[in-house]
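Residue numbers (the numbering used here), protein chains in the order written: chain A, 18 to 192; chain B, 18 to 192.
Possibly wrong hints are sitting among the right ones.
Subject to a maximum C-alpha distance of 20 Å in a straight line, what follows is the list of computed EDC-like cross-link-like pairs (lysine to aspartate or glutamate) [to be verified]:
no. : chain 1 : residue 1 : chain 2 : residue 2
1   : A       : Lys115    : B       : Glu72
2   : A       : Lys99     : B       : Glu120
3   : B       : Lys53     : B       : Asp37
4   : B       : Lys115    : A       : Glu69
5   : A       : Lys138    : A       : Glu120
6   : A       : Lys115    : B       : Asp56
7   : B       : Lys115    : B       : Asp137
8   : B       : Lys115    : A       : Asp56
9   : A       : Lys99     : A       : Asp76
10  : B       : Lys155    : A       : Asp59
11  : A       : Lys99     : A       : Glu69
12  : A       : Lys155    : B       : Asp59
13  : A       : Lys115    : B       : Glu120
14  : A       : Lys115    : A       : Asp76
15  : B       : Lys115    : A       : Glu120
Across the chosen pairs, the derived CB separations fall in these ranges [as the list claims (entries may be wrong)]:
no. : chain 1 : residue 1 : chain 2 : residue 2 : range
16  : A       : Val131    : B       : Leu151    : 41 to 47 Å
17  : A       : Leu139    : B       : Gln29     : 36 to 42 Å
18  : A       : Gln79     : B       : Gln79     : 39 to 45 Å
19  : A       : Met95     : B       : Leu116    : 24 to 30 Å
20  : A       : Arg146    : B       : Leu116    : 21 to 27 Å
Interface residues of chain B toward chain A, partial, derived using beta-carbon atoms under 7 Å [stated by the list, open to error]:
no. : residue
21  : Ala39
22  : Cys68
23  : Gly70
Bear in mind the hints are in silico, worked out from the structure with no lab data behind them.
Keep in mind the model is a prediction, meaning the values are calculated, not measured.
Every residue, glycine too, gets a C-beta built ideally from N, C-alpha and C.
There are 2 protein chains.
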Amino acid sequence: MVRILGIDPGSQRTGIGVIDVAADGRCRFVHCEALKLLDAPDFPSRLGLLCEGLERVLDAWQPHQVAIETVFMDKSAMSALKLGHARGAALATVVRRKLVISEYAPRVIKQSLVGRGAADKLQVQHMVRLLLNLAEMKLQADAADALAVALTHAHMSATAIRTGLAVTDLRRRGT
Amino acid sequence: MVRILGIDPGSQRTGIGVIDVAADGRCRFVHCEALKLLDAPDFPSRLGLLCEGLERVLDAWQPHQVAIETVFMDKSAMSALKLGHARGAALATVVRRKLVISEYAPRVIKQSLVGRGAADKLQVQHMVRLLLNLAEMKLQADAADALAVALTHAHMSATAIRTGLAVTDLRRRGT
Numbered sequence: 018m019v020r021i022l023g024i025d026p027g028s029q030r031t032g033i034g035v036i037d038v039a040a041d042g043r044c045r046f047v048h049c050e051a052l053k054l055l056d057a058p059d060f061p062s063r064l065g066l067l068c069e070g071l072e073r074v075l076d077a078w079q080p081h082q083v084a085i086e087t088v089f090m091d092k093s094a095m096s097a098l099k100l101g102h103a104r105g106a107a108l109a110t111v112v113r114r115k116l117v118i119s120e121y122a123p124r125v126i127k128q129s130l131v132g133r134g135a136a137d138k139l140q141v142q143h144m145v146r147l148l149l150n151l152a153e154m155k156l157q158a159d160a161a162d163a164l165a166v167a168l169t170h171a172h173m174s175a176t177a178i179r180t181g182l183a184v185t186d187l188r189r190r191g192t
Numbered sequence: 018m019v020r021i022l023g024i025d026p027g028s029q030r031t032g033i034g035v036i037d038v039a040a041d042g043r044c045r046f047v048h049c050e051a052l053k054l055l056d057a058p059d060f061p062s063r064l065g066l067l068c069e070g071l072e073r074v075l076d077a078w079q080p081h082q083v084a085i086e087t088v089f090m091d092k093s094a095m096s097a098l099k100l101g102h103a104r105g106a107a108l109a110t111v112v113r114r115k116l117v118i119s120e121y122a123p124r125v126i127k128q129s130l131v132g133r134g135a136a137d138k139l140q141v142q143h144m145v146r147l148l149l150n151l152a153e154m155k156l157q158a159d160a161a162d163a164l165a166v167a168l169t170h171a172h173m174s175a176t177a178i179r180t181g182l183a184v185t186d187l188r189r190r191g192t
C-alpha cells in the first residue's frame with residue numbers, strides 16, 4: 018500500500034487530500050480538508066498557518082509520496098506572486114521531511130481523470146467522487162482538487178510500473 | 018540593543034544580514050552571508066536549503082526583529098512566481114518563530130540609505146559599507162542587499178520613535 022498526499026496550494030485556501038493506493042492500483046479515500054488561511058492577521062501569518070496545517074496532516078497521516086499541482090501560467094504577475102508564496106511555503110515544508118514531490122500540470126490532471134486536458138473543474142470533481150466512492154460526502158472544491166492531484170499521481174505511478182517508463186517521462190508526455 | 022535580521026530572498030541565492038542597533042541608534046555589523054541554492058538537485062530542494070539556512074542563522078544569532086524586501090512588481094509572471102516561492106518559504110520560516118516581520122519596498126530602502134528612491138544598487142552597497150564600517154570586507158551583492166533592508170528597518174524604527182509615528186505609517190509615506 019502506498020499513501021499519497023495531494024496538495025492544491027493557494028494563499029487564501031490550501032486543499033489537502035490523502036489517498037491509499039493498493040497493490041492492484043485501487044485507490045481508497047483517507048482524508049481531505051481545506052486549510053482556511055484568510056483568518057490570519059496578515060499575509061506572512063497565512064503562510065505560517067499553511068505550514069502548521071500541512072505539518073499536522075503529515076504527522077497524522079504519514080504519507081509516503083506527495084503530489085502537487087504546477088501553476089497554470091496564464092495569470093497576472095501579482096497572482097503568480099501570491100500563489101508562489103503559498104506554493105513555496107508548502108514545498109519547503111514537504112521537502113524538509115525528505116519526501117519526494119511529484120508535480121503535475123492542471124492539463125495533465127484533467128487528462129488523467131477525465132480523459133480530456135480541457136475538462137472543466139466540475140467534471141474533475143465528479144470523477145474524484147466516482148473514483149473514491151464519495152457520492153454522499155460534502156467535498157470542498159480545494160480539497161477535491163487536492164484529491165485529484167493525488168489520484169493523478171497514483172495513475173501515473175501505475176502506468177509507469179506497467180510501461181517501465183519513469184513518471185517524469187509520462188508527465189512530460191502529458192503536457 | 019536590538020538585533021535585526023534582514024532578508025533578500027531569491028530562488029538562486031538568498032541574502033542574509035544581521036546588525037545590532039544600539040540605544041543611540043548606532044548600527045553595528047554582526048553577520049552576513051548569501052545562501053547558495055543552485056546546488057540543490059531540484060527546485061523544491063532549493064526551498065528546503067533556504068529554510069535550513071535561515072533556521073541556522075535564526076538559531077545562531079537570535080534576532081529580535083526581521084525585515085524583508087517587498088517584490089518590485091515590474092517582473093514577468095514567471096519570475097514573480099519563482100521569487101514568490103523563495104519569499105514564501107522564508108516568510109513561513111520566520112513567522113513560525115513568532116517574530117514580527119517588517120516589509121520594505123526597494124524604493125524605500127534606496128530612499129532610506131542613499132536619500133534617493135531611484136539610486137542604483139552600487140550606491141546602496143556603498144552606503145551599507147560606509148554605515149557598517151565594512152570598507153575592507155568582501156561583500157556579496159545579495160548579502161549587502163540583506164544588510165540594506167536591515168539598516169532601513171533600523172532607520173525607520175528610530176524615526177518612528179522620534180516622531181511618534183508607527184513604522185507602518187513611515188513605510189507608506191516612503192512609497
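### Task
Return holds or violated for the Cβ distance of glutamine 79 (chain A) and glutamine 79 (chain B) against the range 39 to 45 Å.
33 Å, violated
### CB-CB spacing for leucine 116 (chain B) and methionine 95 (chain A) relative to the 24 to 30 Å hint
Check passed, 26 Å falls within 24 to 30 Å.
### Query
Is the straight-line distance between the alpha-carbon of lysine 115 (chain B) and that of glutamate 69 (chain A) 20 Å or less?
13 Å, holds
### Message
Checking one constraint from the list: CA of lysine 115 (chain B) to CA of aspartate 56 (chain A), max 20 Å. Satisfied?
### Response
17 Å, holds
### Query
Can the restraint linking lysine 138 (chain A) and glutamate 120 (chain A) be considered satisfied, given a maximum Cα separation of 20 Å?
Holds: lysine 138 (chain A) and glutamate 120 (chain A) sit about 18 Å apart, inside 20 Å.
### Task
Look at the Cβ atoms of leucine 139 (chain A) and glutamine 29 (chain B) and judge whether their distance stays inside 36 to 42 Å.
40 Å, holds
#### Entry: Hint validity - glycine 70 (chain B) Cβ closer than 7 Å to any chain A Cβ
Violated. Min distance 11 Å.
#### Entry: Pair hint lysine 115 (chain A) and aspartate 76 (chain A), alpha-carbon separation not exceeding 20 Å
13 Å, holds
### Query
How about alanine 39 (chain B): closest beta carbon in chain A under 7 Å, or not?
Given a least distance of 28 Å, the restraint on alanine 39 (chain B) is violated.
### Query
Going by Cβ atoms only, is cysteine 68 (chain B) closer than 7 Å to chain A?
Since chain A brings a Cβ to about 5 Å from cysteine 68 (chain B), closer than 7 Å, the hint holds.
### Task
Starting from lysine 99 (chain A), check that the Cα of glutamate 69 (chain A) is at most 20 Å away, please.
The given pair, whose Cα atoms are some 18 Å apart, holds under the 20 Å limit.
#### Entry: Outcome of range test on Cβ distance (arginine 146 (chain A), leucine 116 (chain B); 21 to 27 Å)
For arginine 146 (chain A) and leucine 116 (chain B) the Cβ distance comes to about 43 Å; the hint is violated.
Going through the hint list in order, the structure does not satisfy hints 3, 7, 9, 10, 12, 13, 15, 16, 18, 20, 21, 23.
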